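Undergrad: Sequence:
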Amino acid sequence: MIMHRIMARTLSMAAITGTLALTAPLMAQHGRDTVLTDLGTLGGSTSRAFAINDSGYVTGGADLEDGVWHTFASCGCQMLDLGSLDGYRYSFGNDINNKGQIVGQSYYLYDGEATVWSFCHIESLGLYGNNPRSEARAINNDGNIVGYAWDDREYAFATPLLWAGGQAVDLGTLDEHTGGRAQDINNKGTIIGVCWDESQTVTTAWIKTRDGLMTALRGLGGSEAAADAINDRGDVVGSVHDAQQVEYPVLWHNGVLVLLETIEGRDARATGINNNEMIVGYVLAEDGFHSSAALWRFGSLSILNEMLPPDLRDEWDLVSAYDINIHGEIVGVGYHNGELHAYVLDVNQLNSQTKRITTSN
Numbered sequence: 264m265i266m267h268r269i270m271a272r273t274l275s276m277a278a279i280t281g282t283l284a285l286t287a288p289l290m291a292q293h294g295r296d297t298v299l300t301d302l303g304t305l306g307g308s309t310s311r312a313f314a315i316n317d318s319g320y321v322t323g324g325a326d327l328e329d330g331v332w333h334t335f336a337s338c339g340c341q342m343l344d345l346g347s348l349d350g351y352r353y354s355f356g357n358d359i360n361n362k363g364q365i366v367g368q369s370y371y372l373y374d375g376e377a378t379v380w381s382f383c384h385i386e387s388l389g390l391y392g393n394n395p396r397s398e399a400r401a402i403n404n405d406g407n408i409v410g411y412a413w414d415d416r417e418y419a420f421a422t423p424l425l426w427a428g429g430q431a432v433d434l435g436t437l438d439e440h441t442g443g444r445a446q447d448i449n450n451k452g453t454i455i456g457v458c459w460d461e462s463q464t465v466t467t468a469w470i471k472t473r474d475g476l477m478t479a480l481r482g483l484g485g486s487e488a489a490a491d492a493i494n495d496r497g498d499v500v501g502s503v504h505d506a507q508q509v510e511y512p513v514l515w516h517n518g519v520l521v522l523l524e525t526i527e528g529r530d531a532r533a534t535g536i537n538n539n540e541m542i543v544g545y546v547l548a549e550d551g552f553h554s555s556a557a558l559w560r561f562g563s564l565s566i567l568n569e570m571l572p573p574d575l576r577d578e579w580d581l582v583s584a585y586d587i588n589i590h591g592e593i594v595g596v597g598y599h600n601g602e603l604h605a606y607v608l609d610v611n612q613l614n615s616q617t618k619r620i621t622t623s624n
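Numbering (my numbering), first residue to last: 264 to 624.
Quick list of in silico lysine to aspartate or glutamate cross-link-like pairs, EDC-like style, CA-CA up to 20 angstroms:
#, residue 1, residue 2
1, 362, 405
2, 362, 344
3, 451, 495
4, 451, 405
5, 362, 386
Have a look at the derived ranges for each label pair, beta carbon to beta carbon:
#, residue 1, residue 2, range
6, 611, 508, 36 to 42 angstroms
7, 372, 473, 35 to 41 angstroms
8, 478, 306, 42 to 48 angstroms
9, 450, 565, 26 to 32 angstroms
Hints were generated in silico from the structure; no laboratory data involved.
Bear in mind the structure is a predicted one, so any value in this text is a computation, not a measurement.
Glycine residues also receive a C-beta, built at the ideal position from the N, C-alpha and C atoms.
Using the sequences and the accompanying hints, generate a full structural model.
TA: Below is the structure:
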């Protein structure tokens, strides 16, 4: 494994003083009293929520009034602008751990740096080698971060990375693959990701344990398999393609491939899993363009739009679900009265609402 010292810098967050007060005692409360919460925007018209921690704090990206996209933090009542590294206009947050540390990227045009927002400052994880771009995809509760570095002109040779203990570590790739990306890391230090060949026509999902062993996760005979999320039990979710290039949502349990329920003939993908084996993702419509947010419990599929009470169904079209925490709170993106907004959906509140509606009928 190749190791590079992190070229980090710390910047003042005076412009967002108090934003990450969400990192310590406030992390204690997580409960919501509504089924579906629109997280709003940062002054523009669009937002997306990519991750939620077990205290109910959310991160993702939202546009400002001038269209600039920034990382946000939210507890459901207020969306806070976390800004970007000095020298970059844009940013987005990919993940948040239970300490409130957020990881993602600050970027502008063709350059970008993996970024951490924590404890009232922004830190760059730096670049790697000669690559002009790096991105942090996930962080665990120990502060270990995974992601990758790349050059758009040579994306086939992207480098999957682990940032830990002040070092950036090249995780390597599977045999006959030239590049890849580390996608997620659990609290036991197990890492998942994808890698690809030089032609980028073959994509393979992989898992790497703390002992350094990287192994491929079995696919369905098609050219693509992707691992998107891992829980603390080591269960991995993502998608695989068959020989006809139909995409299926899947769970790898102890390395064994399990096909999740889907709608025949429609592409689907699982993107998040919690420690209670609840899985979220999306199912594409017949047109192959529009999608619907999905939830799998014990392998069975529910379309979230169809679970909403009638009044919310009239207002919302939940497009995708990206993450779910231990309490069953789901985050993703959907159209709310015609605008694409980040949301939090509380499955427990939803179940109790559904029971009340059923009883009243």
